[in-house]
Amino acid sequence: MEVKAHILLVEDDQNFGSVLKAYLEMNGFTVSWIDDGKDALKAFSASLYDICILDVMLPNIGGLTIAHNIKMLNPAIPFIFLTAKTLKEDILKGYAAGADDYVTKPFDSEVLICKIDAVLTRGNDQKILSNQVESFNIGKYTFNYNVRQLIKEGKIQKLSPKESELLKLLCQNQNTVLPREVALRSIWGEESYFTTRSMDVFITKLRKYLKEDKKIEIVNIHGNGFRLSIYN
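Letter by letter, the sequence shown follows residues 1 to 232 of the working numbering.
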């Protein structure tokens, strides 16, 4: 059987973790299963993984904190939150933390496999695109897409993968409307309430990064999408 990817699975429920590990391995994945948050960070630092599946409620260090630390070590690593929390606020926190997907327990194991494959496929597509040298001038800023850097007068702002993808789409559609659904399906792979709210969070971050140039504005076009406007 072809090995699809190496997964870091962080789940503290012994029975569930054991069953899920076996199921993922049965479907061609290599799985490293960790049941403690602190140990998960050590494991991530010591090995290479293609994707992380993180339970939110964990001993010692919670899933959101793990995700934040993992992204600092490797901003490009995709991850899926696995949790029994179903409140809207909790799901939004997951997407705001940069999650590529959010799966609530109980769930269909086949659906999880499909979600993992979809996240990995999007990641591979982005790697192919990133091999093309792309740079954009945004007012006083230079945006280097390949290395995910926003530069102004020698000052570098490092962007997350989703921030970089969203800013690239805005640049490609400069002074015209970027439809919300186009951005959602291109970057998040789906259009839903939660991914929409997640994109709003990233738009707010981009506005903050670009705020030093008053001639730049990311305009919310109500009911349609966003427009990156640069004024003379």
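To be clear, the hints were calculated from the coordinates, so they are not data collected in a lab.
Heads up, some of the hints might be wrong.
[Said to hold, decoys possible] For lysine-lysine, the following DSBU-like pairs were computed, each having C-alpha atoms within a straight-line distance of at most 30 Å:
| no. | residue 1 | residue 2 |
| --- | --- | --- |
| 1 | Lys88 | Lys168 |
| 2 | Lys158 | Lys168 |
| 3 | Lys115 | Lys105 |
Bear in mind the structure is a predicted one, so any value in this text is a computation, not a measurement.
Checked hints:
1. Lys88 with Lys168: Satisfied, since the Cα-Cα distance of roughly 29 Å is no more than 30 Å.
2. Lys158 with Lys168: 14 Å, holds
3. Lys115 with Lys105: Given pair lysine 115, lysine 105 holds - Cα atoms ~14 Å apart, limit 30 Å.
Checked against the numbered hints listed earlier, the structure breaks none of them; every hint is satisfied.
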